[in-house]
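Numbering-wise (our numbering), the sequence shown opens with residue 879 and increments by one.
If a hint is listed, it holds; no wrong ones were tucked in.
Quick list of in silico lysine to aspartate or glutamate cross-link-like pairs, EDC-like style, CA-CA up to 16 Å:
| hint | residue 1 | residue 2 |
| --- | --- | --- |
| 1 | K936 | E1092 |
| 2 | K936 | D1028 |
| 3 | K951 | E1092 |
Everything labelled a hint here was simulated from the structure, so no lab data went into it.
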Amino acid sequence: MDNLLLAFLFTLFAGLATGIGSVLAFFTKTTNTKFLSFALGLSAGVMIYVSMVDIFFKAQDALIADVGDPLGKWLTVGSFFAGISLIALIDRFIPMDSNPHEVKKIEDMKQPGTAIQDPALMKMGVFTAMAIGIHNFPEGIATFISTLQDPTIGLAIAIAVAIHNIPEGIAVSVPVYYATNDKKKAFKLSFFSGIAEPAGALVAFFILMPFLTEMMFGIIFAMVAGIMIFISLDELLPAAKRYDETHVSIYGVITGMAVMAVSLLLLG
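Construct the complete structure from the given sequences, taking the supplied hints into account.
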């Protein structure tokens, strides 16, 4: 029961980080590229380490215990790449301009000469919000299921997801604010794009939980590892490198891995 409550809280925390990004956008004129590069790298380091060192092998242990070896190993690998395929398909059908994987600088989205109620800017914000919502849904399931299995892993994933949700919140709120001159409307749209994260947790609870056998858990957990790896390689690392200054992004990756490694040793 305690893990169940933690799972919902962690997922809610991760999703609502888009709101933090939205608020930051109202009070920040330029992007701190050094901090952004380090933070995105750190998030990637956490996700990659926990996925390949812990989540994958816990999924494999569960599947081997249920169906034996070598079938359990084959199921783990298949589920891992099924997770990658799922998030890749979602990514494939999102237009490039609205893709949350395309991290944008605050100053690049601000258009001082743009007229109020600019439909192009408004459309950009709305489509970005929808795209982020679609992406956040499987991330919510991943955070929820991971926390149920191991709160330490769940917290690490929630923090990593929250970090990369902050610039996504900025990507929603800035164009909407400059299209409408309405901070409340911009914040609401950014806020609701993050609600898809806990919505994913609710789906996991009401639909997946009744069928969460040892085999189902192993399959979902391996898919979670695949989803996290894809997000790290396709989104976080390229974005971190884009805003890199003197290898700051790789320092972030190593720091994230080290923090995750020490956390697993101390709390495992």
